[in-house]
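**Q** One letter stands for each residue in the lines below.
Number of protein chains: 2
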Amino acid sequence: MSKILLAHGGGGREMHELLRELFSIVRKTKVGNEIGLDESDDGASLTINGRIVISTDSYTVSPIFFPGGNIGKLAAAGSINDVAVMGAEPIAALDGLIVEEGLPLAELKEIIKSLVTTFEAENVALIAGDFKVMPRGKIDKIVINTTVIGTVKDHIITDSGAKPGDKVIVSGTIGEHGATILALQIGIDAEKENLKSDCEPITRIMRIAKEIAKIHAAKDPTRGGLAMTLNEIAEKSGVRIDVDEEYIPIRENVRALCEMLGVDPLWLACEGRVVLVVSGDVAEDVVDSLRSAGYKDASIIGEVRKGKPYVVLKTLSGGLRLLEKPTGEIVPRIC
Amino acid sequence: MSKILLAHGGGGREMHELLRELFSIVRKTKVGNEIGLDESDDGASLTINGRIVISTDSYTVSPIFFPGGNIGKLAAAGSINDVAVMGAEPIAALDGLIVEEGLPLAELKEIIKSLVTTFEAENVALIAGDFKVMPRGKIDKIVINTTVIGTVKDHIITDSGAKPGDKVIVSGTIGEHGATILALQIGIDAEKENLKSDCEPITRIMRIAKEIAKIHAAKDPTRGGLAMTLNEIAEKSGVRIDVDEEYIPIRENVRALCEMLGVDPLWLACEGRVVLVVSGDVAEDVVDSLRSAGYKDASIIGEVRKGKPYVVLKTLSGGLRLLEKPTGEIVPRIC
Numbered sequence: 001m002s003k004i005l006l007a008h009g010g011g012g013r014e015m016h017e018l019l020r021e022l023f024s025i026v027r028k029t030k031v032g033n034e035i036g037l038d039e040s041d042d043g044a045s046l047t048i049n050g051r052i053v054i055s056t057d058s059y060t061v062s063p064i065f066f067p068g069g070n071i072g073k074l075a076a077a078g079s080i081n082d083v084a085v086m087g088a089e090p091i092a093a094l095d096g097l098i099v100e101e102g103l104p105l106a107e108l109k110e111i112i113k114s115l116v117t118t119f120e121a122e123n124v125a126l127i128a129g130d131f132k133v134m135p136r137g138k139i140d141k142i143v144i145n146t147t148v149i150g151t152v153k154d155h156i157i158t159d160s161g162a163k164p165g166d167k168v169i170v171s172g173t174i175g176e177h178g179a180t181i182l183a184l185q186i187g188i189d190a191e192k193e194n195l196k197s198d199c200e201p202i203t204r205i206m207r208i209a210k211e212i213a214k215i216h217a218a219k220d221p222t223r224g225g226l227a228m229t230l231n232e233i234a235e236k237s238g239v240r241i242d243v244d245e246e247y248i249p250i251r252e253n254v255r256a257l258c259e260m261l262g263v264d265p266l267w268l269a270c271e272g273r274v275v276l277v278v279s280g281d282v283a284e285d286v287v288d289s290l291r292s293a294g295y296k297d298a299s300i301i302g303e304v305r306k307g308k309p310y311v312v313l314k315t316l317s318g319g320l321r322l323l324e325k326p327t328g329e330i331v332p333r334i335c
Numbered sequence: 336m337s338k339i340l341l342a343h344g345g346g347g348r349e350m351h352e353l354l355r356e357l358f359s360i361v362r363k364t365k366v367g368n369e370i371g372l373d374e375s376d377d378g379a380s381l382t383i384n385g386r387i388v389i390s391t392d393s394y395t396v397s398p399i400f401f402p403g404g405n406i407g408k409l410a411a412a413g414s415i416n417d418v419a420v421m422g423a424e425p426i427a428a429l430d431g432l433i434v435e436e437g438l439p440l441a442e443l444k445e446i447i448k449s450l451v452t453t454f455e456a457e458n459v460a461l462i463a464g465d466f467k468v469m470p471r472g473k474i475d476k477i478v479i480n481t482t483v484i485g486t487v488k489d490h491i492i493t494d495s496g497a498k499p500g501d502k503v504i505v506s507g508t509i510g511e512h513g514a515t516i517l518a519l520q521i522g523i524d525a526e527k528e529n530l531k532s533d534c535e536p537i538t539r540i541m542r543i544a545k546e547i548a549k550i551h552a553a554k555d556p557t558r559g560g561l562a563m564t565l566n567e568i569a570e571k572s573g574v575r576i577d578v579d580e581e582y583i584p585i586r587e588n589v590r591a592l593c594e595m596l597g598v599d600p601l602w603l604a605c606e607g608r609v610v611l612v613v614s615g616d617v618a619e620d621v622v623d624s625l626r627s628a629g630y631k632d633a634s635i636i637g638e639v640r641k642g643k644p645y646v647v648l649k650t651l652s653g654g655l656r657l658l659e660k661p662t663g664e665i666v667p668r669i670c
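Top to bottom, those sequences are chains A and B.
Using my numbering, you'd call the opening residue of the first sequence number 1 and step up by one each time.
Using my numbering, you'd call the opening residue of the second sequence number 336 and step up by one each time.
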């Protein structure tokens, strides 16, 4: 058996045998003595005393393998990041796989290995999951849903906490995931162009920043890119955000691709970066700490002001323009 | 705009406007004062003191509308049921929608309405979600992932608690969901044949049963049907289960369809039934209570014995045969 068959999704003998094989690599299948993946019961259990954050996302990226990762790594990192940007420590995850009949087993194994090792590196237990097979032509290879749960130690970070006087930090160069997927979708050899997805968990960035400062707002700029993230923070916090294009870190090859295609890099998704809003007096310290820890492109890109909830961009040429919410198709199936 | 466009999945302006419209019908968007769907932040929050059960499933049923429900109702009820059979009270849900470009907006609205009203009727808050669009031909109309969280009041019910001397109860007629979907897939007019999915939450059944008896094991017989469920309980509990076909409630039209197609009704999925294993001395009381509450087909179908973990079926003709785990394709995309 080298390809996935419809019978693997039937809930019978074949499915149970396949899942046992595929998920035997998971080492952390439960939290404490709770019910976990090993039991393959109807769900998992957790004992919690306090506040948790929970987030779910479905991943549909095409192509499913790309420089810097694959849909499995993306699905693990993406939901970890949604929990981490809210200030929580991810502890447990659930996954839902939907696979196309005929998908090579080797590809599925590689994807699951990436998913599992990404969770494992973050000490996140994979406690439950679901597996479905759709007939050939009814789904494009594979989609993955992940749900991640995190515990809140101190306070939850929302999108609505930015205050006038705060500074806006981005943890690294932007648009790399979006640029890589876009390039692949239109037939450009991303690897040759040295394009690589930035897909990875941002938990360490959050921990470093939280040690230095109280984070007023944090968000990972995925779909809609930096432009959408800044607009959401401005809108939900009821503040104006001014950013300076000069300080927004963008790799040269990403900028070149965007210019060639007429795409705004500020609209392109990141999958391993975070936008942090902190008090003006600690912003430099946060950036210094991030840079010392290896995030050498971390930068203060702007500041929060009193005013209508707009994002104002000072362009490289020195002019000012409204940085609007992205609209239209942007890049389909980026994540 | 009457159809879903790729732009609706871009994470920009169009998506946010569509989601605001589609999910404005949700009344319970959070638990207490926690962060919920309304905030459209990166995730939701909950404060928990004690044990929770959490379950996730992806729903891929085809056709997406069927007598008795649609994929939205199924996705809500299905994950509610996974939590309820473990003895927990569902309190919160998250959803992940993946929609095909071109899906009529009216269909999407009807599906979301079913999802939302099913959660609402169970007092389950819809606290967060995700929305993706895949290009035409890359996914078949819509798939939905749901994750449900429930709180555990007393003890968790697993598949492994069945003990010799226990009785096995089924809460109603079996195989109706599977039979309905199978009929539709092969072009039989299910409605004319009076076939209807049994898809619905089984929370009330669990509450009634828990009032009367300590439930030793419980499981909803979805994919793989009653045959798979009984085998899983036998295997995980390390017991033999003997069931008597004479007492297994099957509607005449389901039996007729199965005979015509050469399908075993014990392999067909239910989406609103539950198998309960309770001590022999209270089994009649549980069945009486269920029947009084309107579950008129609730029946004791067998008993748990010491022995190898097999399921032995006494057939209508009086013979004994091993009821094996289903194998092969059964019915694809049943749920």
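These aren't lab readings, by the way, just hints derived from the structure by calculation.
All C-beta atoms, glycine included, are put in the ideal place defined by N, C-alpha and C.
Be careful, since some hints might not be right.
[To be verified] List time: in silico DSBU-like cross-link candidates among lysine-lysine, alpha-carbon distance up to 35 Å:
1) B:Lys365 / A:Lys325
2) B:Lys545 / B:Lys473
3) B:Lys660 / B:Lys531
4) A:Lys236 / A:Lys308
5) B:Lys473 / A:Lys192
6) A:Lys214 / A:Lys236
7) A:Lys30 / B:Lys363
8) A:Lys306 / A:Lys153
9) A:Lys236 / B:Lys338
10) A:Lys3 / B:Lys660
11) A:Lys28 / B:Lys488
[Stated by the list, open to error] Derived Cβ-Cβ restraints for the label pairs, each shown as a range:
12) A:Arg321 / B:Ile360: 31 to 39 Å
13) A:Asp38 / B:Pro398: 21 to 29 Å
14) B:Gly437 / A:Asn194: 53 to 61 Å
15) A:Phe65 / B:Ile360: 33 to 41 Å
16) A:Asn49 / B:Arg362: 25 to 33 Å
17) A:Gly137 / B:Asn368: 45 to 53 Å
**Q** Evaluate each hint against the coordinates.
**A** Checked hints:
no., hint, result
1, B:Lys365 / A:Lys325, "holds (27 Å)"
2, B:Lys545 / B:Lys473, "violated (45 Å)"
3, B:Lys660 / B:Lys531, "holds (25 Å)"
4, A:Lys236 / A:Lys308, "holds (11 Å)"
5, B:Lys473 / A:Lys192, "holds (28 Å)"
6, A:Lys214 / A:Lys236, "holds (18 Å)"
7, A:Lys30 / B:Lys363, "holds (30 Å)"
8, A:Lys306 / A:Lys153, "holds (30 Å)"
9, A:Lys236 / B:Lys338, "holds (29 Å)"
10, A:Lys3 / B:Lys660, "holds (22 Å)"
11, A:Lys28 / B:Lys488, "holds (26 Å)"
12, A:Arg321 / B:Ile360: 31 to 39 Å, "holds (37 Å)"
13, A:Asp38 / B:Pro398: 21 to 29 Å, "violated (35 Å)"
14, B:Gly437 / A:Asn194: 53 to 61 Å, "violated (36 Å)"
15, A:Phe65 / B:Ile360: 33 to 41 Å, "holds (39 Å)"
16, A:Asn49 / B:Arg362: 25 to 33 Å, "holds (29 Å)"
17, A:Gly137 / B:Asn368: 45 to 53 Å, "holds (47 Å)"
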